[in-house]
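Participant: Sequence:
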Amino acid sequence: MVARSAETTTAAPSDKHIVEVLIEERAPGLVASRFWPLYRAVLYPLLREPEAVRMADAIQGKSGAEVMAYMSELLALKVDVEGAENLPRAGRVIVAPIHPTGIADGIAMWDALKPRRPDQIYFANRDAIRVTERLADVLIPVEWVAAKRTRQRSRETLLAANAAFEADRCVVLFPSGRLAFMNEKRELTEQEWQPSIAIFARKYRCAVVPTHIEARNSWLYYWFRRLSPELRDITLFNELLNKKGKTFRVTFGKPIPHEALQGDPTEVAARLRHHAWRGIPAGTPWGEGS
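Numbering (our numbering), first residue to last: 1 to 290.
What the hints contain is simulated information worked out from the structure, not anything from laboratory work. Fair warning: there could be bad hints in the mix.
Subject to a maximum C-alpha distance of 20 Å in a straight line, what follows is the list of computed PhoX-like cross-link-like pairs (lysine-lysine) [claimed, not checked]:
| # | residue 1 | residue 2 |
| --- | --- | --- |
| 1 | K244 | K185 |
| 2 | K246 | K114 |
| 3 | K78 | K114 |
| 4 | K78 | K185 |
Pair ranges (Cβ atoms, derived) [stated by the list, open to error]:
| # | residue 1 | residue 2 | range |
| --- | --- | --- | --- |
| 5 | Y70 | P285 | 21 to 27 Å |
| 6 | E230 | E73 | 43 to 49 Å |
| 7 | E66 | S33 | 22 to 28 Å |
| 8 | K78 | E187 | 21 to 27 Å |
| 9 | E267 | A32 | 27 to 33 Å |
The C-beta atom is built at its ideal place from N, Cα and C for all residues, glycine as well.
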């Protein structure tokens, strides 16, 4: 079964593979260049486009949980988990990890959470459901591109989120929504967290489990990031597939009750970010140094 794109900017369906569509959407400037055929010939093998096509085809027809199981087996990550006892075994909760690598962070979290919370569900880029619609079983689709946001899509996100919280599921939210970057000192830096983490916790009266993930992308990603946002963004499949067999260290912090997250949501999100990024690996309790 082949994953074709049914969603394009034109009225007619595209005959392109969804992997090619997603790559091209992330690089409109490069695609518009008369040199694109040359760029494409060089970049696609470098960025594992053929392997990504095979992966996308392999997950067609699978349920959301089956897709995640397939990806878990495909990547075979070595996930070292600490603080698993901090995860409640039942009841609504938000798990809030930092975001060092991209899609692979979600697979690592799936592996880490599976023994205690098989009811996990993820806020994730809506493009994942364009690859296979049945991922909606385990994903709450979010449109990250501001230009593509519509009232209908925002409503779909809120309805899916409400259903997950009302079902008392374990909701995983990467509050930065963007990947960590390498600063001038070559330190991996977590991006700012969105205030939605505090808003959801207070609205649905649930605890937040801040989570640290120790992992990184390739030097190619960080180099491309300095050169061009488009080059950075088209590495998404490479930075997933090059994680095969890699080690991810996942540390769950102690749950923070929603009552402790009062105040300006932006400031609360900043404190949570600092705790997940810096506090947890340093062994600093919530509220100290955050």
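Participant: Evaluate each hint against the coordinates.
Facilitator: Do the hints match the structure? See the list:
1. K244 x K185: violated, 27 Å
2. K246 x K114: Cα-Cα ~19 Å, so holds.
3. K78 x K114: Cα-Cα ~14 Å, so holds.
4. K78 x K185: Given pair K78, K185 is violated - Cα atoms ~28 Å apart, limit 20 Å.
5. Y70 x P285: 21 to 27 Å: violated, 38 Å
6. E230 x E73: 43 to 49 Å: Cβ of E230 to Cβ of E73: about 32 Å, so the range 43 to 49 Å is violated.
7. E66 x S33: 22 to 28 Å: Given about 39 Å between the Cβ atoms, the range is violated.
8. K78 x E187: 21 to 27 Å: Between K78 and E187, where Cβ atoms are some 23 Å apart, the hint holds.
9. E267 x A32: 27 to 33 Å: This hint is violated: roughly 41 Å between Cβ atoms.
Violated hints for the displayed structure, listed by number in ascending order: 1, 4, 5, 6, 7 and 9.
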